[in-house]
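Turn these sequences into a full structure, and let the hints steer you where they fit.
Protein sequences, first through last, are from chains A and B. For what it's worth, our numbering labels the leading residue of the first sequence as 1, then goes sequentially. For what it's worth, our numbering labels the leading residue of the second sequence as 1, then goes sequentially.
Honestly, I wouldn't trust all of these hints.
In silico lysine to any residue, SDA-like type, Cα no more than 20 Å apart, as pairs [what the hints assert, rightly or not]:
| # | chain 1 | residue 1 | chain 2 | residue 2 |
| --- | --- | --- | --- | --- |
| 1 | A | Lys618 | B | Gln242 |
| 2 | A | Lys128 | A | Ile587 |
| 3 | A | Lys745 | B | Ser58 |
| 4 | A | Lys329 | B | Ser58 |
These aren't lab readings, by the way, just hints derived from the structure by calculation.
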Amino acid sequence: MKKAIFTLLVCLPFVLFSQATTLSGTIIDAQNGEVLIGASISLPDLKRGTTTNEFGFYSLELPQKGVKVQFSFVGYTPQYKDVLGQTNQALNVELKAETELQTVVVTANSYKEQLQTTQMSVVRLTSKEAKLIPALLGETDILKTLQLKPGVQSGSEGQSGISVRGGQTDQNLFLLDDAVVYNPLHLFGFFSAFNGDAVKDVRLFKGDFPAQYGGRLSSVVDIRTDEGNRREYAVSGGLGLIASRLTVQGPIKKDKVSFIIGARRTYADVFTRLVNEANKETPKFNPIPDYFFYDLNAGINADLSKKDKLFITAYYGQDRFGFNNDNFKANFNWGNTVVSARWNRIINPKLFMNTSVSFSDYKYAINNTFGAFSLAVGSGVRDYTAKTDFTYFPNQSHQLRMGASATQHNFEIGRVTFNATDSLVNFSAGQNLDGTQFGLYLNDEWEINPRLKVNMGIRGSGFYNDNRFYAAPEPRLSARYIVNNRVSLKAGYTFMTQYLHLVSNSGASLPTDIWYPSDKVVRPQRMNQVAGGVTWNIGDKFLLVNELFYKWGTNQVDYRDGAQIFGNNNLSQEFVFGRAKGYGNEIYLEKKTGVLRGWLGYSLMWSWRQFDSINGGKQFPSRFDRRHDFTFVGVWDITKRWTFSSVVVFSTGNAVTLPVGRTFFQGTSLDRLFVAPIYTERNGFRFPNYQRIDLNFIYKWRRKNRDNDITLSFYNASNRRNPYFIYYEEIQNKTTGLPQSFQAKQVSLFPIIPALTWNFKF
Amino acid sequence: MKNSIISLSITALILIFASCDLEKVVEIDLPEYTPQLSIEWYIEAGKPYKMTLTESVSYFDSARLPIINNALVVVSYDGISDTLRNGFLQDSNRLFNYFSNKIAPSKVGTVFNMYVKERGGKGREARAKTVLLPVAKIDSIRLLWNKSDTLASVLTTMIDDPTQANYYRRFLHKGDTRKSPQSRAWFTDRSAVNGRVTIGSGFNYRKGDTVIVTAYHLNKDYYDFIQTADNAEDANGSPFEQPSAISTNIQGGIGIFTTIVAYRDTLFIKK
Chain A
1 MKKAIFTLLV CLPFVLFSQA TTLSGTIIDA QNGEVLIGAS ISLPDLKRGT
51 TTNEFGFYSL ELPQKGVKVQ FSFVGYTPQY KDVLGQTNQA LNVELKAETE
101 LQTVVVTANS YKEQLQTTQM SVVRLTSKEA KLIPALLGET DILKTLQLKP
151 GVQSGSEGQS GISVRGGQTD QNLFLLDDAV VYNPLHLFGF FSAFNGDAVK
201 DVRLFKGDFP AQYGGRLSSV VDIRTDEGNR REYAVSGGLG LIASRLTVQG
251 PIKKDKVSFI IGARRTYADV FTRLVNEANK ETPKFNPIPD YFFYDLNAGI
301 NADLSKKDKL FITAYYGQDR FGFNNDNFKA NFNWGNTVVS ARWNRIINPK
351 LFMNTSVSFS DYKYAINNTF GAFSLAVGSG VRDYTAKTDF TYFPNQSHQL
401 RMGASATQHN FEIGRVTFNA TDSLVNFSAG QNLDGTQFGL YLNDEWEINP
451 RLKVNMGIRG SGFYNDNRFY AAPEPRLSAR YIVNNRVSLK AGYTFMTQYL
501 HLVSNSGASL PTDIWYPSDK VVRPQRMNQV AGGVTWNIGD KFLLVNELFY
551 KWGTNQVDYR DGAQIFGNNN LSQEFVFGRA KGYGNEIYLE KKTGVLRGWL
601 GYSLMWSWRQ FDSINGGKQF PSRFDRRHDF TFVGVWDITK RWTFSSVVVF
651 STGNAVTLPV GRTFFQGTSL DRLFVAPIYT ERNGFRFPNY QRIDLNFIYK
701 WRRKNRDNDI TLSFYNASNR RNPYFIYYEE IQNKTTGLPQ SFQAKQVSLF
751 PIIPALTWNF KF
Chain B
1 MKNSIISLSI TALILIFASC DLEKVVEIDL PEYTPQLSIE WYIEAGKPYK
51 MTLTESVSYF DSARLPIINN ALVVVSYDGI SDTLRNGFLQ DSNRLFNYFS
101 NKIAPSKVGT VFNMYVKERG GKGREARAKT VLLPVAKIDS IRLLWNKSDT
151 LASVLTTMID DPTQANYYRR FLHKGDTRKS PQSRAWFTDR SAVNGRVTIG
201 SGFNYRKGDT VIVTAYHLNK DYYDFIQTAD NAEDANGSPF EQPSAISTNI
251 QGGIGIFTTI VAYRDTLFIK K
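This is the structure:
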């Protein structure tokens, strides 16, 4: 690694002073003026090219003579331009999308780009793709769609939280327009916090993390929202089984300034309130708890000059749970507020800058009143972040990225107040902590020759808390070797450090989980990962990617048995520390062209954890250890109006902890008697294999310039009873009431669930 | 409270889907389980010794637990030993299979040692140690009435020694201590203010009621045992709980060997 850093530093002066002409600019959608992320710019005659960055910008070195340049993007008609390479040129290109009712035409350029790039272990998804895939209750869910890619799993049935390559759910970094989102879930994890209508593009990094990312061990989910139509006003939305959506966007000043505002809300509470009202006078009627979630997305995007752009985006999402009766009132609210402002500047054709400031706030609050008592429980984390990134394109062989970031974190941890109205009881506990996280990185993507390209990066990360500073150099290295025009080999190594830890003693991600900073007891978590693979472009229509990975980590966090999280001012004492490792192979076969398209994914994986104080110090499988995970996603455009899609999932059952033995405790004279379960092996059991088939039928039509579709979806179409949890039941003698025997029962969550959704756009 | 809300939600979900036939009996293939000595022994100052010795079984074995009747059971303190004799004793709906007529001392700080050895058979041995704590004194018992003055909550304030970590249990009986308590609470002195720790109850008491308050001062071992046993029991069937091993102070077995010191007071709620 020292050699790699040395090489980078030695090469830097040479690449900075090289001279050549450059073609640069932005690629946008001709219809709405929004930038296209990941569009291809290629020189077919020279077999070279590049792609647009997350702001639609590209820079490409040209030869002195004239050359033909191809601009293309999946689902858009390619364009060709003849360009003279004598002077630096700025060329903004507009690509026209295929209309909704046309068969999608896709060039093979995206596959070529995946063959060429050094980047591996990445999954890319657009909102357009996600909307074609069957969804639980008809609600398009970006995170659940990502779970259909190899190496990405859910914690349990129906959950949107993700585990990547066996990592823990708190080891994923969710970025929404450069701002961290701490809880990306609604409804105890059954839906993601991101409205599919507002999301434009998602990239999930499972490994080979670019140096600009840091702070989590297992993955980075980089979500970009729509900027707003810059050319005309547009309204889109949908009416679903559980939620409705509406998004309005348009130009404030045509081609210069645009806005977008979108909202989504569930409405089950509207009906439950009616039921409660109707039964208000019914004796012994228990009111149904009130529950709903909503989220709002808003953004303004402005061209300040030909070289400067400003993007301001905001997200506000809340879950609200309420329960009221005569003696007991409970309100449980949680949610994220995220705001980011990004300023892009094309400093010169070779140098692009993005500077952003962002604010992220996640908190939950439980407020209960019980007679004369009141109890309030809450936690939260608030971030203020500033960062800047530069991308420099010195010549055709190098692309440098460098940048720095700083985040101020404020934590409110386990705040509990308990009071009685006459002040006889007055208790409060909890901690307010803070910390500052830093990042500094430099990365060079260096094409040594047409076959060999390396990506060398180093990230310096640091965290300051309680008068202590923790720091780590995080090397990132990857390489690509082109075997022929259809096959490339790739390999990479990354090292990641995580300074924030999620405190949870439950088996699932809950909104009550607490984020806790590294301190003298809870040291930063660390993870190494190596990966290697082959990318094979099969006949321009198929892409096959196979990757092997091995990851190993230290300072992994878990919680001691019987940990007390609430009202505990000494929370760090509840942690235990250990090691983790995971390894496996992922195969991904994709077809993006034609009327029949989709992907097949398979992963074979092991994921282990080891803690001195858990499982007798023996290694045990993590909750996300899945030996086999197979997914099939197929989309078939039967006619211009009808589309059919299907999802098939088959995976090894979850690793769970079940009691092996049993004993019986009588307690003291005034106690209760109970059967005490004895757990031996942590996660020593497997649920039965998980199988699911989902179906989607989409009918599209256009009327009076309005695009409509009706989507009929069937989640778990085979009505299979997949296990959600297993419990042991005591069977009592009907005469004596004494325990007679015991049996295990499996509870499933979702039978076949049909859903009908109407979507519109005009 | 957060667990109550989550449990409420999950219960609601389960009830909704119960009608969809989403629950079924399944076969679980348990690995071979090695039974362990299971011991439950609560020493009460000034009372004779009695304890229960059984062994744990594989979960789906016969409901009846094997009772170990061929063991040497010895308690010792301050150089004095007493061997308990085997036999059945029933007391307050509980069964014991070892007991003695000797009376446990009442001196605070007495350290008791337990030794159990199975005669013949597997020859298993178990050891444990515990200490007699001072009584947790009740400072005051107060009532907090609801808005309509018809139902009251009982607030028990106990005197807490701030120089050490303390663990408590509080039972409330309505009139008769021979029945199960109406309210149970286990708590620490984490919420103590000015050497006092207060615990409330539900609004379950009316004018004319007699409330008997029993306060226990617990060893940390016993508190951990109760907490982890509760967690282990709650984890059965909850996808939101992480199952945990039950904490024990028995070396060579499972269960608890502890002292019990109680302080009792009675409150008459005027009509």
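Hint check results:
At roughly 18 Å between alpha-carbon atoms, lysine 618 of chain A and glutamine 242 of chain B fall within 20 Å of each other, so this suggested pair holds. Taken as a hint, the lysine 128 of chain A and isoleucine 587 of chain A pair is broken in the structure, with Cα atoms around 24 Å apart against an allowance of 20 Å. With a CA separation close to 17 Å, the supplied pair lysine 745 of chain A and serine 58 of chain B stays within the 20 Å bound. Only pairs whose Cα atoms come within 20 Å are accepted, and lysine 329 of chain A paired with serine 58 of chain B is rejected, the gap being roughly 43 Å.
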